[in-house]
Each structure stands twice: as C-alpha cells, then as structure tokens.
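Colleague: Protein sequences, first through last, are from chains H and F. What the first sequence shows, in my numbering, is residues 1146 to 1425, in sequence order. What the second sequence shows, in my numbering, is residues 31 to 295, in sequence order.
No lab work stands behind these hints, which were simulated from the structure alone. Backbone N, C-alpha and C fix where the C-beta goes; we use that ideal spot for every residue, glycine too. It cannot be assumed that every hint is accurate.
To be verified - Distance windows between CB atoms, simulated:
(1) H:Thr1149 <-> F:Ala164: 56 to 64 Å
(2) F:Thr250 <-> H:Ser1330: 24 to 32 Å
(3) F:Asp162 <-> H:Glu1182: 43 to 51 Å
Stated by the list, open to error - Some but not every residue of chain H turned toward chain F, in silico, with C-beta under 7 Å:
(4) Gly1166
(5) Thr1169
(6) Thr1255
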Amino acid sequence: MTMTVPLLEVRDLSVTFRTEGVVTQAVRNVSFVLGRERLGIVGESGSGKSTTGRAVLGLVPAHGSVSASRLALNGEDLRHLTQHQWSRYRGRRMALVMQDPKFSLNPIMTVEKQITEAWRLHRRTTAAEARKHAAAMLEAVSIDDPERVLRLYPHQLSGGMGQRVMIAAMLIAEPELLIADEAISALDVTVGNEVLAILDRLVAERGMGLIFISHNLTAVAGLCDRVVVMYGGRVVEECAARDLAHARHPYTRALLAAAPSLDEPRASLASVVRDPAWLT
Amino acid sequence: MNPPMIAVQNLSVSFKGPHGPVSAVRDLSFAVEPGETFGIVGESGSGKSTVLRAIAGLVAASGGHIRMAGEALGLRRTKAQRSAMQMVFQDPYASLHPRHTVDRALQEPLAIHAIAEPERLITTAMADVDLDPALRFRYPHQLSGGQRQRVAIARALILSPKLLLLDEPTSALDVSVQAEVLNLFQTIRSTRALTSLLVSHDLAVVAHLCERVAVMQRGTLVEVLTAEALRRGEARHPYTHTLLAASRGYRRVGSPHEGMPLAPS
C-alpha cells in the first residue's frame, strides 16, 4: 500500500538575507503541506509571504540563503537543484503569476509570442500547433476573441486583460502548482473578482494546486480552502478559509478588526498591537 | 445660508489623445457643504481623481464652473485659494522629496505663504498627526509608510486649510497602517472646521469616513447617496450595486460557506 504523496511539502523553511553585514530573517521555520487545493498565504508587508513563494520556486536572489528540512514537489526533493534542473520544474511543473502584468509581460512581444514561448520551451511542436494552443488557452481565461488578442502588444491590453494573458502564459504548459503573488492587487475590484473566478475554475478543472499569496483577507476567504497567516516571517495561524472570521490568533483578529467594513459601521478602527512574543 | 464649500457645476475635463480629445469627466455637478466629508468612488479610469485635480487647479476644466465658498475658481488658483485647499496623495513614497527632511517638508508651505512662527507651527503640526518630535530631522527613507503619510497630512494641515483633498490616501498602506491613518482623519475631522473630499476605489473606506458618496463611472456621476444608504444597499443605479457586490468579495460557485462578511466574531 502506498501513501498518497502531497503535491507540495514545505518543512522548516527559512530564508535569510545578508546585505552589507546586516542579516535579515525573512522567513523563519515555515511549514505547510499542499494538496490539489487552494491555499492562501496572508500577511502584511514584510511578513515573508512573497519570499516563501519565491523559495518554493527557487527564485530567492543570490544574497539570500534558503534552508529547509523538506521541500518537495510530488515527493521530489527540490532542495539541491542546479539552475539547469530548476528550469525543468519552473514553467513546466510550477508557475508564478505576479502582481502587475505591466511589468511581468515583455512589452515588445506580442501576446501570441509570450504564450507560445512557454509552450514551445517545454514541448516540441510546430508554430501553427502552438498558436492553436495559445488561442485555446486565451479562451480558457475567458477572452472572447482570442485571434485578435493574440496579435496585440502588452500596452494595448487593460490591466484585467493583461493578467488573463499572464495566467494563460503560465498555465499553457499545464503546471501542477500555480503560485499567484498578489495577482489581483493591481486590479479594480470587479476585474479582480473576474480573475479570481478564472483562477478558481482553472484550478478545479485542471486539478492543480494553488498558493494564493495576498494581503487581501476578503479575496483569500472567498477563493481558498485553507489559509496560512504570516507575521514577521512566521506562520502564526493556519485555519480553514471559512473559519477566517473566527480566527484565534490575536494578530489575525487584529487584522480583521482593523479593516473598515461595509456591513457594520465602526466608530474607530482597532489598531494592531504587536506582541514581541509572536516572534519567539 | 452659507454657500457650499465646493460647488461643481457641469464640470467637463478632456485630455489630448492621439486620435483627438479624450473626455475624462463629463458634465459633472455636485456640492459639498462646509464641514462635510464627501467621498467619490469609482474604478480606474472613472475620472474620480481628475475631478479632484480639477478642483485643485492641477488640470484645466474644459467646461463648467467650480466655486469655493461662493467664490468662482478661475483658470489659476490664487495664493490664498491654494493655501485654503491642500491635497494628500496616494503614495507617500512619491509625494515626499527623498532628500528633504520632515522639517524641510513642513517648512516649505510656510515659507511659500510667508507665515511667521514656523517653529511653533511645525511642532504643533507634528503633534497633531501623532508624529514623534524625534523624527523631525529624519529623511523619508528613514520613516515607515504610515509615518510618511502622516508627514504628508501634517504638511497639508500646517496651513490650516478649509478644504482637504484626499486622493486614495490609504491605498498604498497595509491594513493596520490604514487603520491608524483613517483614525487620524476621524480625529482631525472632529477637532477642526474642515471640509474633506476623499477619492477612493474602496467602498468600505469611503463609507467609513464620509457622510455622502458620489459614484462615478466612465467620467460621469451615476448617483450621490448617503454612506448609510450605501451600507444598506439602497442604491438606485445598477452600477453602484455591481460595485457593492464586488466589494463584498469573490464567492466560489456553489461555495459551501458564505465567505463574507469578514468581521471578527
């Protein structure tokens, strides 16, 4: 009998940066396991949420050092990969969608080129075949006229459209794991919700695992199955997304109370008082 | 009866585009009473910031009138008008000069308007926004995001303006820092005779701070309603309902849980 291997295992992940002799511990002993599900990582600036995502993808810059007692995709150890070996994982088996399509799309490449590039890097196909796949992928991200959009350059796309193209480019190689880092933070709320619906549907249809990194508790509660709350590089709480409103940790509760609410007027907002003990 | 602090009548603003003029604001009218906090919400490109900039005189109107306390505002703002209206921008990283200390940032408006007693005013302005006096000779890069926004607010308040123009003042801030800044605005509002115009894409922020809210879409004003009516979902225009539904968060199709509201229990 074999045990099911989780899609992603992260145990005791730490990331340390050293700049001009100053050592910063960005991530401290973070552990979580991801199946074919949606995991949210929430926290404020500097909580280490993005660095955690980068470490999983082997994208921590050279002045940072990463350590973990386990970091595995489908049971395959990712800890000692060379740059060459990483290229077989990144793009092909795990992909990253970042905040602003303005910066993550190549401004002088057509949409077709950017999407098919990812496809042709990992598969041996003809240009015509790749174009067909790119058009189908654009349809999958709810773009109505893929043939027209394939010919456009990034500056001709709106923010929501750009983010759809980005998702299409990331998913065309059919990765098992998608990491979305503040993927809707630069978008208007109505457009952001459309992008969430697309992510939601694609993750379900393709049986992917999703790590959704965001400062937006509302978005995470709506999209994810489970939530990890990070503070000062640590996981302070993990709970089911539906229980986020009843979070236990004082930091999570303070974050919830600090946000103005449409539903209940609050005379003044609770300030987030930080306890140094959370970091020990 | 006193005239409104700001009366905007049939305001239109258009910009030059590669294929002729692009109209950013079309035939907009509203009035803000003295002492009121008035919000303008809308998505990117709705023209909400352009309205604020037109009031401040940073962009020229192509049609309509703006009156401040009964006085018509011309193409250029007079010195007195400029000190009576002060603006706070979204990104305190961009709106403060990186090589000017807090002290110099606060000196500048006083020097421009030749105001005596800068020493006393700077100390008071910093105290008013809860800035530690020890930060007075620091540079922006030595401050946190919340501290920088406090400096920007102190700089706006140091001339004792009648009208405060706030353009997404908390959008670049973490939720905990946003809470501090919103609470600061509440305090300022209760201690000063100040009219504020707050532009934001965040309905919850606007409902929290404002008495009345204007909703903009593609350069036009779709409706003005009270924050109370907004909270209760008593909007008349379908677009306001769309915005309200979107702000309450994404819901998974067939989701077993409600998702929202996210209030601590």
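Colleague: Run every hint past the structure and note whether it holds.
Modeller: Here is what the structure says about each hint:
1. Roughly 57 Å separates the CB atoms of threonine 1149 of chain H and alanine 164 of chain F, a value that falls within the hinted 56 to 64 Å.
2. For the pair threonine 250 of chain F and serine 1330 of chain H, the beta carbons lie near 27 Å from each other, so the given range of 24 to 32 Å is met.
3. Checking the proposed 43 to 51 Å range against aspartate 162 of chain F and glutamate 1182 of chain H shows it holds: the Cβ atoms sit about 45 Å from each other.
4. The criterion of a C-beta within 7 Å of any C-beta in chain F is not met by glycine 1166 of chain H, whose closest approach is roughly 19 Å, and the hint is violated.
5. Violation of the interface hint for threonine 1169 of chain H is found here, the shortest Cβ-Cβ separation to chain F being roughly 16 Å, above the 7 Å cut-off.
6. Against a cut-off of 7 Å between C-beta atoms, the interface hint on threonine 1255 of chain H is violated, since the closest Cβ of chain F lies about 20 Å away.
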